[in-house]
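Peer 1: Take a look at the letters that make up each chain.
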Amino acid sequence: AQSVTQLDSQVPVFEEAPVELRCNYSSSVSVYLFWYVQYPNQGLQLLLKYLSGSTLVESINGFEAEFNKSQTSFHLRKPSVHISDTAEYFCAVSEQGAQKLVFGQGTRLTINP
Amino acid sequence: EAQVTQNPRYLITVTGKKLTVTCSQNMNHEYMSWYRQDPGLGLRQIYYSMNVEVTDKGDVPEGYKVSRKEKRNFPLILESPSPNQTSLYFCASSFWSGGGSAEAFFGQGTRLTVV
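As given, the protein sequences belong to chains A and B, one line each in that order. Residues in the first sequence are numbered from 1 upward in steps of one, following the numbering used here. Residues in the second sequence are numbered from 1 upward in steps of one, following the numbering used here.
These are calculated hints, taken from the structure and not from any lab test. Heads up, some of the hints might be wrong.
[Claimed, not checked] Here are the simulated lysine-lysine pairs, DSS-like style, with alpha carbons at most 27 Å apart:
hint	chain 1	residue 1	chain 2	residue 2
1	B	LYS69	A	LYS100
2	A	LYS49	A	LYS100
3	B	LYS69	B	LYS57
4	B	LYS17	B	LYS69
5	B	LYS57	A	LYS100
6	B	LYS17	B	LYS57
7	B	LYS57	B	LYS71
8	A	LYS100	B	LYS17
9	A	LYS100	A	LYS69
10	B	LYS65	B	LYS18
11	A	LYS49	A	LYS78
12	B	LYS57	B	LYS18
13	B	LYS17	B	LYS65
14	A	LYS49	B	LYS57
15	B	LYS71	A	LYS100
Take these sequences, add in the hints, and give me the full structure.
Peer 2: Quick look at the structure:
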């Protein structure tokens with residue numbers, strides 16, 4: 001069965017600094033990978049996803065993630081964060097052939113001015 | 001506007017008093033599911049449904065029931081709530097992709113407290 005580990009429960013950074021949120025997964029079959037964002041008091045929204053093709057995927061608000069099959073990782077990065085990026089970020093995996101999403105524990109990103 | 005609507009957003013109840021959390025989606029999605037979110041544990045799937053009258057257990061189904069009589073609705077039922085079911089609950093829907101690739105749309109969440 002697949003599993004997801006987010007290595008950091010909290011990540012504090014200063015505004016305009018770069019950030020990386022780490023995600024590793026475990027699965028015996030091919031997977032689809034997702035990052036969801038949860039702003040305070042809201043539901044989860046899809047940030048970006050890897051289904052196939054280019055291993056580097058980007059979101060509309062400057063985040064990117066790279067699928068690394070050999071390291072079974074899907075780390076999320078942003079070169080310069082903004083106060084509005086303050087949220088909890090969840091990495092999720094879905095095995096091909098199964099509709100089920102398995103989530104990591106979440107990483108709370110806090111941006112300090 | 002495409003959305004998943006949950007009600008209520010907040011609920012405080014007493015142990016043993018049956019309750020239902022409603023979930024409705026307007027995207028004609030086949031697949032719907034319920035998750036609970038607890039600190040340090042992420043989201044864990046409670047139940048899911050692949051279509052009308054087709055439901056199955058997720059990872060933490062004990063103490064919960066669901067039904068799928070219509071495509072758009074997927075209520076979560078707690079027959080006899082207990083304090084360990086105090087949590088933040090999310091309903092989600094997606095179209096059936098044949099396995100795994102479809103984006104899930106989430107409701108705003110229901111914060112349940114059982115005293």
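Peer 1: With reference to the structure, classify each hint as holding or not holding.
Peer 2: Quick rundown of the hints versus the structure:
For the hint linking B:LYS69 to A:LYS100, the alpha-carbon distance of about 21 Å falls within 27 Å, and the restraint holds. With a C-alpha separation of about 15 Å, the suggested pair A:LYS49 and A:LYS100 falls inside the 27 Å cut-off, and the hint holds. With a C-alpha separation of about 17 Å, the suggested pairing of B:LYS69 with B:LYS57 holds against the 27 Å cut-off. For a cut-off of 27 Å, the pair hint linking B:LYS17 to B:LYS69 stands: about 23 Å separates their Cα positions.
Simply put, B:LYS57 and A:LYS100 have alpha-carbon atoms about 11 Å apart, close enough for the 27 Å limit, and the pair holds. For a cut-off of 27 Å, the pair hint linking B:LYS17 to B:LYS57 stands: about 23 Å separates their Cα positions. At most 27 Å may separate the alpha-carbon atoms for a hinted pair to count; B:LYS57 and B:LYS71 meet this at roughly 18 Å. Distance restraint check for A:LYS100 and B:LYS17: the Cα-Cα separation of roughly 31 Å exceeds the 27 Å cut-off, and the hinted pair is therefore not satisfied.
For the hint linking A:LYS100 to A:LYS69, the alpha-carbon distance of about 20 Å falls within 27 Å, and the restraint holds. Simply put, B:LYS65 and B:LYS18 have alpha-carbon atoms about 11 Å apart, close enough for the 27 Å limit, and the pair holds. Distance restraint check for A:LYS49 and A:LYS78: the Cα-Cα separation of roughly 15 Å lies within the 27 Å cut-off, and the hinted pair is therefore satisfied. Among the hinted pairs, B:LYS57 with B:LYS18 is consistent with the structure: their alpha-carbon atoms are about 20 Å apart, no more than 27 Å.
Between B:LYS17 and B:LYS65 the CA atoms are separated by roughly 14 Å; this keeps the pair inside 27 Å, and the hint holds. Annotation: proposed proximity of A:LYS49 to B:LYS57 holds, straight-line Cα distance about 26 Å (limit 27 Å). Between B:LYS71 and A:LYS100 the alpha-carbon distance is near 18 Å, which keeps this suggested pair within the 27 Å criterion.
Figure legend: structure checked against the earlier numbered hints; the only hint not met is number 8.
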